[in-house]
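One letter stands for each residue in the lines below.
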Amino acid sequence: MKKREFLQCCALGAMNAVFPRPVPAHLHAEISGWLTGASDGEELWQWSKEALFVEQAGDAIHCLKCPNDCTIPVGGTGLCRNRVNVGGKLYSIAYGNPCAVHVDPVEKKPLLHFLPGTRAFSIAAAGCNLACLNCQNWQISQVSPKETENQDMMPRAVVDECRRTRCASIAYTYSEPTTFYEYAFDTAEIAHREGIRNIWKSNGYIEEKPLRKLCRVIDAANIDLKSFDEDIYSRLNAGKLAPVLRTLRVFHEMHVWLEITNLVIPGWSDDLDMIRRMCAWLRKNGLDDVPLHFSRFVPMYKLNQLPPTPLKRLEDAHAAAVSAGMKYVYIGNVPGHDAEHTYCHRCKKMIVERRGYAIHANHIKNGKCRFCGEVIPGVWMG
Amino acid sequence: MFSVKATMQQVVSGVRVTTVLAGTITAGTQVVLLREILSAFLGNELVIGIMLFDWLALTGIGAVLARQWARTFRLSLIPPVILGALLVLPPLTLAGFRLLPLLITPPGSMMEIWIFLAGAILILSPVCLSSGAAFSLLVRAAASRGMVNPVGSVYAWEAAGSLTGGALFGVLLFEFFSSQNLLLCLCAGSGIAGSVIALRTREWLLGLLLSIGVVALGVGHSGFDVNKLMFTLRYPGHTILAHEETPYGELTTTRLGDQNTIFVNNIPLLFDGDIQSAEELVHFTLAQRAISGPVLVAGGNPSSLIPEVLKYPGARVDCIEENPWMRDMQQRYFRLPDDERVTYLSGDIRRHLRTTAGRYDAIIIVAPEPSTLQSNRFYTREAIQLAHCGLRPAGVLCLSLSSSAEYAGADAKNVRATLLNTIRESFGNVILLPAGRDMYLASDSTLRMDVSAAVADAGVVTKFANADYVQDDLLADRARRLNSALQLVTPVNSDDHPVLMLAQIRYWLRFFAVESWAPALVFLAALFFIVRTDRESLGVVVAGFGGITLELIALMIVQVGFGNVYKMSGALIGLYMAGMGIGAFAGGYLKLTSRRYTIMQCGLAVSLLASAFLQSATSEGAPAGVAGLVACLTLGSLCAGAVFTLTSRARLQDPVGNGARLYGADLLGSAIGALLVGPFLLPLVGVQAVADIGAAIVITGAGISLTSPVWRSYEKT
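If you read the protein sequences in the order shown, they are chains X and A. Under my numbering, the letters of the first sequence match residues -14 to 367, in that order. Under my numbering, the letters of the second sequence match residues 81 to 797, in that order.
For the record, the hints were derived by calculation from the structure and aren't laboratory data. Don't be surprised by glycine CBs; every beta carbon is placed ideally from N, CA and C. A couple of the hints might just be wrong.
[To be verified] Quick list of the computed label-pair ranges, beta carbon to beta carbon:
{"no.": "1", "chain 1": "X", "residue 1": "74", "chain 2": "A", "residue 2": "776", "range": "52 to 58 Å"}
{"no.": "2", "chain 1": "A", "residue 1": "411", "chain 2": "X", "residue 2": "271", "range": "51 to 57 Å"}
{"no.": "3", "chain 1": "X", "residue 1": "345", "chain 2": "A", "residue 2": "568", "range": "40 to 46 Å"}
{"no.": "4", "chain 1": "X", "residue 1": "353", "chain 2": "A", "residue 2": "524", "range": "37 to 43 Å"}
{"no.": "5", "chain 1": "X", "residue 1": "43", "chain 2": "A", "residue 2": "202", "range": "37 to 43 Å"}
Bound conformation, chain X alone (with noise of 0.2 Å):
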């Protein structure tokens, strides 16, 4: 590096120290990993694909996948850390190669209408196109590649092993499983193909294309909705609202099964007026029977002065959310809540008696209330 480029990334570092991404994606990348001393991904290994979506833009590359819209050069990596150009080619650096494994209740997701009661074989690549403040599984998302501890898990083996442990579903989660398309679409493809399902959690950042092309391998998917303000997207999460809210109406055109999780956080997103004009824009665009989760805050990662989200204001969110006409409505992280049930919307009696991931009482045949005969919507067993 010169000095005059010494000089230029450390200006570029300040600013982006204040005011969290406004440079070019290469120089983000470079000084970040110029900083920490992580290999900027010039180099190749066992777990490189050749990246989907991308167009040429001389010898740099446009990275078509997700709303950050970065032109990567020769040498250079992505937003999310693990696309690199390699030679005027792009390539994923996260194949195969997972940093997080585990077993969960399909609950944790969380997903509520979705094989309840079943557990998810949960797997995360390091990455993430987003730069949350709250993130609780920053170790991972905010880091390359190639500077987490992984394991060599080629897509088969994912499927293998969900067997193995007898889950009834995969779940890319934890990350952010679009900055790890390529290895988890391959790995869908396979288990769709053997009738395991997939899940996919995610902050919803993705463009429409390559959602399109993913929602033929997936069955649920869990989007988080993290406000409804392109404000707070900007200053919490260093994103955009518009490409989400697009993704909640394509998974729900493509009928792939969608819960949206709420996190709400005082002084950011627990503003009922915003509460409601999500909800009406849900209902405006026939995602009102999408269960929608209003999932309790804990201070976390650089979002650490905040206390948890009062019950009150959980309890505020859903009431807001149930007069603004959303019909299956929950609380989450809040052990013990009467929000944790099922209730059926037409007659309002339980049909899912559930504490945390357990399932005391469920009141659902053939996906219809046993009391009413109203068809709840969602994907049942028996």
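Model the placement of chain A on the given structure of chain X, informed by the hints.
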């Protein structure tokens, strides 16, 4: 009519007052800002080290930069201008530290480290550069009166001022004044003194301006409530129920909706409805044995922890809290169980375990993450051994860290493995359960990983700690993976070798994607100046380094031995400053020979070496150990002060230039010590090695210094 002689006399008397006030107010500002940093930036040992480095280095730079300017400054203006700066700059600096972070960072978020680094330099620069420049100006004022050793005298008076500041803040703070009010009183006093001196020396305009300044400060303070604005920005929508400045940090209780929260240094520590954390801590521990005897709960939220403990038939609870202000807030805003089975204790858990005759079935320690020497002392081999001794034969100890349930990177693993290996030194069985927090359970008897089954076996009804929320097979699977990943060889965390603290700081730096060696770049920059310095100044650099190393060792020993001892720490710093002042005075009367100089440097080195030997004696709280530590600190500070004055006497020509250079050298050495010793050297190599390194550096620097022609020429004369 003023005679020239009378005016000069007044100037010199003003110099003494000004010097003492400058020392007092800058020491006070330093105390207040350190507390602000703890509040605004989750102060850990590295952050404190960086702040001290900035402070000392900027002051030194101020002295050096002002030396030319000081030579031409009008003499009569020197004291009132300095006192005027002391009237204006500390309040502005304090307001900057309080408000700027809130204006530039997103609400509720931690400041980015880059902003902190740049911001600290920016905000500290006016007060520190002025403070350094004041030294050069005061040396010139003192020299103009024909004082024999103006540099040593100003240095000594300033040390006396620092001692006064330290004493005032140590004695009056918390009991009678808030830190802000005490600082503002001192600043107003400085303005009044400046105004009087200006008027006596017929600097009418300046005198008037200072008078207006004092009035403006008073009006501004009564009319503009910085705290109110700060609370509005920091806690939007909250009702502030209580706010206390305590030696343990700032406590604020707020109400948001139906929830009360106690913030400690802005971090929410206790809040209503903390079910998951309370149930995990209590039931994962107590269900191991279906406890039916005494349980010790240290820290945490007693209003949610104690009811869970009392679910076990026959259980009794000793609940200990170190901070009496915290206990008071808990009683006022959280419902503490009023039950005959519960005993509320105040004090340090280590001291309690050392002195109590009783033995417990379980000990649950809820402590902050070990990122400071203060919090690290709950996780050391010695603390865990005390807990082991405080348990009955099959008793269970519970410690916890933040969660790494989904993934633990290399730094997180290093922290967890270090603690695991440290606990294993004392206990036969240790398990680590990655739940809402990473729970370390230790016992000499067997431990169960199937905690929800254990809770069911105990017949206790819970909301969270049961099979509905905690699936034993999945938890055990995660625990097995994590435990196998933690089979690392790590050093054991001990009182005199706090490796866990450095590991935690390295983990914390990962928040900002910064490598832990990055602060070393600052050290390299400082090294550049050392290489360029002349040989006699090098002697002062190493004395500054040795002095602060001695101070940090003493503070660490006292902290580890006695817990959060704000007043004792203040007393030690005061003792050191007093020793420096007396040493600097005495240095003016010592015969100026290289032999005396060598003896002083050796005295500093010896006190460093001796202090390390007192670690174990003092950690047991033995009076002889404390007395020995006081003796070491006194000897070391006397020697360090004398070294400065002897060196300044060896270069009598150009007192302003030489004074600035030596003062800068002293502060540079101290700055390097502040950055290097606390956060890095102590955890990396331990107290004994730090003392050895410090002593070696002092002796080597002194040796090089003695080769200077200045010393040789002085020997000949």
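Here is what the structure says about each hint:
1. One distance hint, 52 to 58 Å for the beta-carbon pair residue 74/X and residue 776/A, holds here, with the actual separation near 56 Å.
2. Checked against the hint of 51 to 57 Å, the pair residue 411/A and residue 271/X passes, with Cβ atoms roughly 53 Å apart.
3. A hinted range of 40 to 46 Å holds for the C-beta pair residue 345/X and residue 568/A, which are about 42 Å apart.
4. The hinted range of 37 to 43 Å is not satisfied by residue 353/X and residue 524/A, whose Cβ atoms lie roughly 57 Å apart.
5. Take residue 43/X and residue 202/A: their Cβ atoms lie about 40 Å apart, and the range 37 to 43 Å holds.
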